[in-house]
Every structure is written in structure tokens, then in C-alpha cells.
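**Q** Sequence:
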Amino acid sequence: MGSASKAAYWLSCIFSLTCSLGKFITVGWGRKETQFHGSEGRQAAFQLQMHESALPWDDHRPQVTWRGDGQFFAVSVVCSETGARKVRVWSREFALQSTSEPVAGLGPALAWKPSGSLIASTQDKPNQQDVVFFEKNGLLHGHFTLPFLKDEVKVNDLLWNADSTVLAVWLEDLQREENSTLKTYVQLWTVGNYHWYLKQSLPFSTCGKSKIVSLMWDPVTPYRLHVLCQGWHYLCYDWHWTTDRSSGENLSDMANVAVVDGNRVLVTVFRQSVVPPPMCTYRLLLPHPVNQIMFSAHPKKSNDLAVLDASNQISVYKCGDSPSIDSTVKLGAVGGNGFNISLRTPHLDKRYTIQFENSEDEEVNPLKLSFLTWVQEDVFLAVSHSQSSPQSVIHHLTVAPSETDDEQGQLNISSSVTVDGVIISLCCNSKTKSVALQLAGGQILKYLWESPSLAVEPWKNPGGFPVRFPYPCTQTELAMVGGEECVLGLTDRCRFFINDTEVASNITSFAVYDEFLLLTTHSHTCQCFCLRDASLKTLQAGLSSSHVSNGESLRKVERGSRIVTVVPQDTKLILQMPRGNLEVVHHRALVLAQIRKWLDKLMFKEAFECMRKLRINLNLIHDHNPKVFLENVETFIRQIDSVNHINLFFTEMKEEDVTKTMYPPPVTSTVQLSSDPDGKKVDLICDAMRAAMENIDPHKYCLSILTSHVKKTTPELEIVLQKVHELQGSAAPAPDAVSAEEALKYLLLLVDVNELYDHSLGTYDFDLVLMVAEKSQKDPKEYLPFLNTLKKMETNYQRFTIDKYLKRYEKAIGHLSKCGKYTWRKPSLSELSGHAYWQCPDTVLIGSDMESKWHDARCSASPHP
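Residue numbers (UniProt numbering): 1 to 865.
Think of the hints as simulated: they come from the structure by calculation, not from any bench. Glycine is no exception: its CB is placed at the ideal position from the N, C-alpha and C atoms. It cannot be assumed that every hint is accurate.
For each label pair, taking beta carbons as the anchor points, the in silico distance ranges come out as [to be verified]:
(1) Ser-416 x Met-603: 32 to 42 Å
(2) Arg-579 x Gln-540: 51 to 61 Å
(3) Lys-791 x Pro-664: 55 to 65 Å
(4) Gln-540 x Val-275: 15 to 25 Å
(5) Ser-117 x Gly-463: 49 to 59 Å
(6) Thr-206 x Gly-463: 47 to 57 Å
As a list, the in silico PhoX-like pairs of lysine-lysine whose alpha-carbon atoms are at most 25 Å apart [unchecked claim]:
(7) Lys-572 x Lys-431
(8) Lys-113 x Lys-209
(9) Lys-700 x Lys-605
(10) Lys-775 x Lys-745
(11) Lys-301 x Lys-433
(12) Lys-807 x Lys-791
(13) Lys-778 x Lys-791
(14) Lys-350 x Lys-330
(15) Lys-136 x Lys-113
(16) Lys-745 x Lys-818
(17) Lys-745 x Lys-700
(18) Lys-775 x Lys-791
(19) Lys-318 x Lys-330
(20) Lys-431 x Lys-301
(21) Lys-723 x Lys-660
(22) Lys-301 x Lys-318
(23) Lys-150 x Lys-136
(24) Lys-211 x Lys-199
(25) Lys-804 x Lys-778
(26) Lys-807 x Lys-818
(27) Lys-681 x Lys-627
(28) Lys-778 x Lys-818
(29) Lys-791 x Lys-781
(30) Lys-199 x Lys-350
(31) Lys-681 x Lys-660
(32) Lys-811 x Lys-792
(33) Lys-723 x Lys-605
(34) Lys-605 x Lys-537
(35) Lys-537 x Lys-572
(36) Lys-431 x Lys-300
(37) Lys-368 x Lys-350
Sequences and hints are given; from them, build the entire structure.
**A** Encoded structure:
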């Protein structure tokens, strides 16, 4: 008997002896009797558990798995008494810790998550087969369903990768018919937001050289999977995370992000809705599990997408009018009864098969194509790898002409280019159509796919030297940096490179949008840099730990945030948290850049709504380009088309130039900033807008016109009150005009009531004074006697008294000069004796007789030495 057989025999003996001793261990409060049982009711806690025997295809061998730290191990063994499998947890000192609860249909596969939280196994249910999870105490804790029918497959093994993020499931078809072709499947599952996703499915044959003999994850590189097939054929798969998003930069791009979930593609349209996966805007249903998604690189068709599935078919979905309802497209979170669907979903245009040349490598490797890229309307680029030599082949896939409109089409390999080296990434610039290849050794190659020669040449930096990444990068993109097209790369160790220069070593994710580079860092910040005139040195300085960034380029984000996408021609930046939920932020650099674009295009409404929502100072609308704004004031008013919004604009106006204080423009801005030489910016805006509103519709914008008078450097309250008086006296007001009472009530929000009362008194209109006084908190016993006294006076003397009360001495002297002889007495002039106008009678136009009386009054009123 071999050593392995002896070990299995002794394990079986030990576990048979402890079968009756291994009761389910619990502390009491976790018992079945105290748990919630849903619709089954309390009686479900007392139902007898039926012990089913092991599965028919079970080999009855014990399975052992260790926790990552080596402190505990779990064993799945068939109990000799019940004939069913149970999972027991033991310490490394061989002390029994727990026994799993009875689980009908428990399979032999067992894998303890290296992080230590869960133990994975399988369970056959009446209509499905699940992967189930146990806690260390033996209780079930979650599951997911495999995409196969009952008794269709068996699970050979479960394998966690080194960092516990991916679970590999090795499955094999069960024999149904004698001559049926059996397959083996390797599926990669990940979890996010409490949902398990099938990310990759690799079908292998069970005969010949494709039969899997061994499967294991690399203990050092977390996403490297080793597959050994019969005949010593060895496959090594290096996986990495990628975000499949549309790359358009105009308003037609809907900011699509696609997520692979088995034979479904979950698509979220972030321009219209922000929902976290597994929820989505719509989903695409495919006949086979999906392996890769790519969006079109055409700027005007960036919403179209193509899907490569496990059968190596490419399904193309295009946005536009569909002749009929597509059964493969289903609405997600935006659907439901009572909702008006404004979204235009794509439709299946063609499903293409690819004609391959039969070769030994392709028969062994089920993943025939990788790095599929949609570069033109009918042209795809794809990469295949050779098993016999370290070479890669770039294929041009072109649509074969067809005379029918059938959904089924064919892609031909029109040309192929062999590259010395293993290609590990491929990226395409949708603007320049450049294609960059990264080899396993770090070399960057430029693929001239549009040239007749289909040449491959080294990618060179501005100095003319070939570019080579010091470390392999899992994410690469092309971008214009300082006017030069560069390759950007990020390693799995958070090292960020531009060409062959390391810019930072703490970057967790990055994205390129328009002329901006956005990055998230280990210090829980999101930084945004303009690449138009940036240099590597400025980027290195901006990302250094000692650099203190301004408020426009840096903002704090939640720990572990990663960039999902940026909504084109908008200000929304979508971040995903480690647990899977999404967060929308409006980065200040993106906001100000977009506002400046809108203002340059005279799109005042969009800029105003954005600034109002995100609390950007509205002075920027004028200060960005004062000359252009003042020339287009009428356009601004017609676009805003709201009295309340125009009033809000007036109330925020101030003399400060915000482009020099709060929002300094980029150094490379071509806008010629100008300022008002006399410092009367607010007055210029008020006068220009008032003239435009009076020209457009003075009745509709009545309150805004009043506001323009009030907000001037020297408020024109008399004019405002006069306009209110005119509203009161108008016999037939316009349909959209406001009443005098409404206008007065609004003015009290802008001006202090006492100040407004004094200015109304200065109009000498007692009806208006009473109207203002009634709206104030003044006691009628205070102002009514005073007003009654004034009404009894002669008109000029009445106005003299009012002006003297308001300390308007120049006007008071003028009215006094028109009074009769009885007013020229000392009591009438005593209050004026100390004022400057008392010494300057020339300010009042009076006759010679009045002038002599004036001098006599001065002499009698002046104190004698």
C-alpha cells in the first residue's frame, strides 16, 4: 500500500471513530431553534434532517484543505453511519473544532479561502448545482449557482487564488449518451457587492491532448493559473482586471461600462443612471459564457460593442433604430411598470464565427484569441500565442461579404503579423488610431496596422530612444502628454509609468479623458492633471508626497476608491469602492474645465445650471471673459429664461475678479482676461442686463430689473420705489406683470426695511410710505402721528421737514428757499446752522430779496462772540 493510500486509509478510520463525537458545536444563540426561518415558520427548526448518501459519482475519498495561516484544516469525508459527506474543522494539534450541519448532496470538492473566512464546497440540489460556503463553525454562509443543469456536470476541484479574490471551478461533463463528446470546464468566479460573477469560462476537451491533468494557481503571482494537459502540454494564463468602458468624448457617448457575468453582459449607461453592479441599465443575453468585451474605437459609434464568448464567436451590438424588438436585450434597473423608458438600447447586428486554421496549439488552448480590439467598422485586431515558441501573432479580422441579411456572419483572417515575444497588452488611441503593444519583457512596440506593410516598430520617446517598461504593466493607455503621444502604464504593484519614466509608485487606478489624466492614490486622493502642456517633471512633482496641491487638482476620496469612468462633456467622475458600491464625484478641475468650455461656446444655461448645482461662484460667468459676456448679455438672459435664476446671479455679483482669486485659469489658457479700469464691474453688469431685460420683456423681468437697481454700488432705491409706485398706479397691468405689493415684498428681502422706509419717505409719496410701513415691523403709533403732522404742512415746508429728517440738507435748503416769510425764523434754521450748506447759500438758486433774508437769518442764528 502506497503512502498516499495509507494516509487516506488512516484518515477514514479516524473520522469514522469521531463521527458520533463530532456533534455540531455552537454557543447556544446560533442554534436552529433561535434562527429566523422565513415563510417556513418556526416548525422548520424542529423538522428531522434526512441524511442522503454521497453522490453517485463521488469517489468517497477524504478531501483535506488548510487555512492560509496553517492553524486549522478542514476535511470532507463520507460518514460510515449515514453515508453522507460532512465537513469537519480541526486545529493543527488535531483537536476537533466543529462539524458541519447536515447538507444533502454535499460534493467532495473542498477549498479553504486563504484569507480564512470561508470554506468552499459543492452541493447538488433538486434542480441545480451550487457552490456553497461554510464558516469555521460549520454553518452555511452563502452560495452561488453553477450555469449547468441538474446532473449535467460534476465538480472535480475548487481552487482559491493566493489573494482570495478568484475561485477557480474545475468541472467535467457527466456521461449521458455513449457517443457524446464530453468537455471539461475551467471557470473563474469573483464576488462583488455580495454577487458572484462568472468572469471566464474555458472549455477543454476530455480526450486527446486537451484533457486536463492538473490545475493550480501560482503561489506568488495571484492571477497566474497553471494548466497541465495530457501529453505534457502546459498552459499558463496571466489574468488582470480591466474596466470595459466606451471611449468617446462627445455628447453622443453615453459613458457605457460593461461587466461580464457568465453568459450575460451587464451594461450601465452612466450618463443617464448611476446604479452599481449587479444592477445595470440593460443586459445582453448570449448563448455562451462571455470572455471579453470591447467598444468601438470610432468616435461617432463609441456606444457600439462587440462580445467574444467561450465558443470564439463575436456578437456585435449596435445602437440605433432596430427593425424589431431584440429578445437578447433586456432592461435592468431602469425598467419596470410605470416608467417611461427614454433609453435607446442596442440591438444584435451580427454574430460572427471565425475561420481558424487547424493547428495543434489551437486544439489544446481553448482561448484562441485575446486582446480583441475593434479599430474600424468592419476590422478587428486580435492576438494569438504560440505554444511551441515565445511568439505572438496579430490577426486582422475582416467581415466577409454576405448576400443575405441573416444574423449569422463570418470573419476572415485577412492578414497576420508574427511578433517575436509574448504580447501581454494591446491599447488603441481612438483619436490618432495608434496601436501600442507591450511584450512580456517590457518592450513597447508600435503596430502600423493601417500601412500596407503592416510593420511593427519600437515605440520611441521624444528623445528618439525605444521605450521599455521596467516592470510589466497590467493597464496601458495612449495619451498626448505635452504634445507627444506617450504610453501610460500601471503595474499590479501600483507603479505608474509614462513611457519608460516612473512618475509615481502609489497609484491605484488611472483614466485618460480628453486632455486630463485622473489618478487615485494610496493616500485616498483623486488627482487631476492637464496633459496639454504638462511634462514628466511637473507630473512627478505633482504626485510626490511632499507636494502640496491646490484645491483644483486634488480632492479626498474614500479609502480604496478606483476610477470607473468619466462622463464625456459632463463633470461626473464615477468611482467604485472596495465593497462594490459606486460614488459620483465632481472633481473641481473637470468642473471648471467644462464650465470654461461651455462659456467659450456661449452655452450659458448649461454653465449656469452646473455652477448653481455645484456651488461655483457665479461671478465666473462674467470674469471668464468680460468683453464676450457684456456683448452677449441678451443671449445669456434668453438662455437662462428664469427670473429667479437671474436674481440669483445678481445677488452673487461682487467687484472681486474670481479668475485671479478663487478660480485661476490654466497657465496655457488663451482667454484674454480683462478688468474694468474704474472697478465698477457690478454697475456695468447691472446696467447692461437691465437694458437687455427692458428690451426683451420688462413685465416678465420686473423683479430682476428692480434687483439690478438695488445691487449697484450705490443702490438706486428711489428709482426702485418710483417703479413700484408706477406699478401701483397702472390701470391695466400686463398678464405676466407683478403687482406693486409683490414687488415691495420682494424688495424687503433685499433691502433693510428701515432704509427702504426712509427712501420711500424721500419720494414725498405718502401712499408709498404707508405701503412700506405696513410691510415693516414698525408700530403705527410711531409713524402715523409723524405722517399726519407732515400732511398738514405747506408743500415746500413739508418737503423741507422730510429732507431735514433724512439729513438731505442740500435739498432741504432748496425747499426752504421756496417757503414763505414765516419760515425764516431761528427754530426753522437751527438744525442747519452747523451744516456745510449753511455756509454755502450759493448752492440754492434764490433771488436777491431771498438772498438778503438768508443772510439776515444767518446773522440772527449765528452765535455772538
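**Q** Holds or violated: Lys-778 with Lys-818, Cα cutoff 25 Å?
**A** Given that 25 Å is the threshold and the Cα spacing comes to 33 Å, the pair is violated.
**Q** Check the hint pairing Lys-745 with Lys-818 against an upper bound of 25 Å on the C-alpha distance.
**A** Answer violated: Lys-745 to Lys-818 is near 36 Å, above 25 Å.
**Q** Straight-line Cα separation of Lys-681 and Lys-627 no greater than 25 Å?
**A** Cα-Cα ~11 Å, so holds.
**Q** Quickly compare the C-alpha distance for Lys-681 and Lys-660 to 25 Å and report which way the hint goes.
**A** OK: Lys-681 and Lys-660 at ~15 Å, within 25 Å.
**Q** Do the alpha carbons of Lys-775 and Lys-791 lie within 25 Å of each other, as the hint requires?
**A** With Cα atoms ~21 Å apart, Lys-775 and Lys-791 stay inside 25 Å; holds.
**Q** Holds or violated: Lys-350 with Lys-330, Cα cutoff 25 Å?
**A** 18 Å, holds
**Q** Holds or violated: are the alpha carbons of Lys-811 and Lys-792 at most 25 Å from each other?
**A** Satisfied, since the Cα-Cα distance of roughly 20 Å is no more than 25 Å.
**Q** Could you see if the CB distance from Ser-416 to Met-603 stays within 32 to 42 Å?
**A** Violated, at about 48 Å.
**Q** Does Lys-660 sit within 25 Å of Lys-723, going by the straight-line distance between their CA atoms?
**A** 37 Å, violated
**Q** Does Lys-350 sit within 25 Å of Lys-199, going by the straight-line distance between their CA atoms?
**A** Given that 25 Å is the threshold and the Cα spacing comes to 23 Å, the pair holds.
**Q** Are the Cα atoms of Lys-431 and Lys-301 separated by 25 Å or less?
**A** At roughly 13 Å apart (the allowed maximum being 25 Å), Lys-301 and Lys-431 satisfy the hint.
**Q** Holds or violated: Lys-723 and Lys-605, Cα atoms, limit 25 Å.
**A** 29 Å, violated
Going down the numbered hints, you'll see the structure goes against 1, 2, 4, 8, 16, 21, 23, 28, 33, 34 and 35, while the others check out.
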